[in-house]
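Number of protein chains: 2
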Amino acid sequence: WSVEDRDGVLQLERQFEFPDFAQALAFTNKVGELAETEGHHPKLTTEWGSVVVTWWSHKIKGLHRNDFVMAARTDAL
Amino acid sequence: WSVEDRDGVLQLERQFEFPDFAQALAFTNKVGELAETEGHHPKLTTEWGSVVVTWWSHKIKGLHRNDFVMAARTDAL
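Protein chains in written order, with the working numbering: chain S, 14 to 90; chain V, 14 to 90.
Note that these hints are calculated values from the structure, not bench results.
The model shown is predicted, which means the values in this text are computed figures rather than measured ones.
Possibly wrong hints are sitting among the right ones.
It does not matter which identical chain is used: a pair holds within one copy or between any two.
Quick list of in silico lysine-lysine cross-link-like pairs, DSS-like style, CA-CA up to 27 Å [to be verified]:
hint, residue 1, residue 2
1, Lys43, Lys74
2, Lys43, Lys72
3, Lys56, Lys43
Could you build all of it, start to finish, from the sequences and the hints given here?
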């Protein structure tokens, strides 16, 4: 995971790689299911062979402890 | 749809809005299904309430007639 500063908003971001589009989209759906369960939603950028997952907290315009927890849970999917 | 120039690569892009995360992700999956059927894959950026769909042709590093066809088919989903 890297920490990105986008216009002053800190975000946690990691790229996950896959052998094709279908497996990338399947991962997007897994992260989406986790997001719905927890009520906290990332940005998911799905392409052929990769998904970039970006976590941050809109309310505080930056990173909360929960974003780091969600990043760890994303790794465990 | 707008045409974006990203480091000299022209891309067709449109943002679709939804009332929540689940409906955004459902649309991502619809576009994904279309992409798999046609063997041409966009970038899909899914967030709470929106999906940004980006079409371009990697091989020619720009826009082919097929990208415009896929954009029209995305609108029809």
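Here is how each hint holds up against the structure:
In this homomeric assembly, Lys43 and Lys74 come within 27 Å of each other (Cα to Cα) only inside a single copy, at 25 Å, whereas the closest approach across copies is 31 Å. For the identical chains of this complex, Lys43 and Lys72 are intra-copy neighbours only, at 24 Å inside a copy versus 30 Å across copies, given an alpha-carbon limit of 27 Å. In this assembly of identical chains, the alpha carbons of Lys56 and Lys43 lie at most 27 Å apart whether taken from the same copy (13 Å) or from different copies (18 Å).
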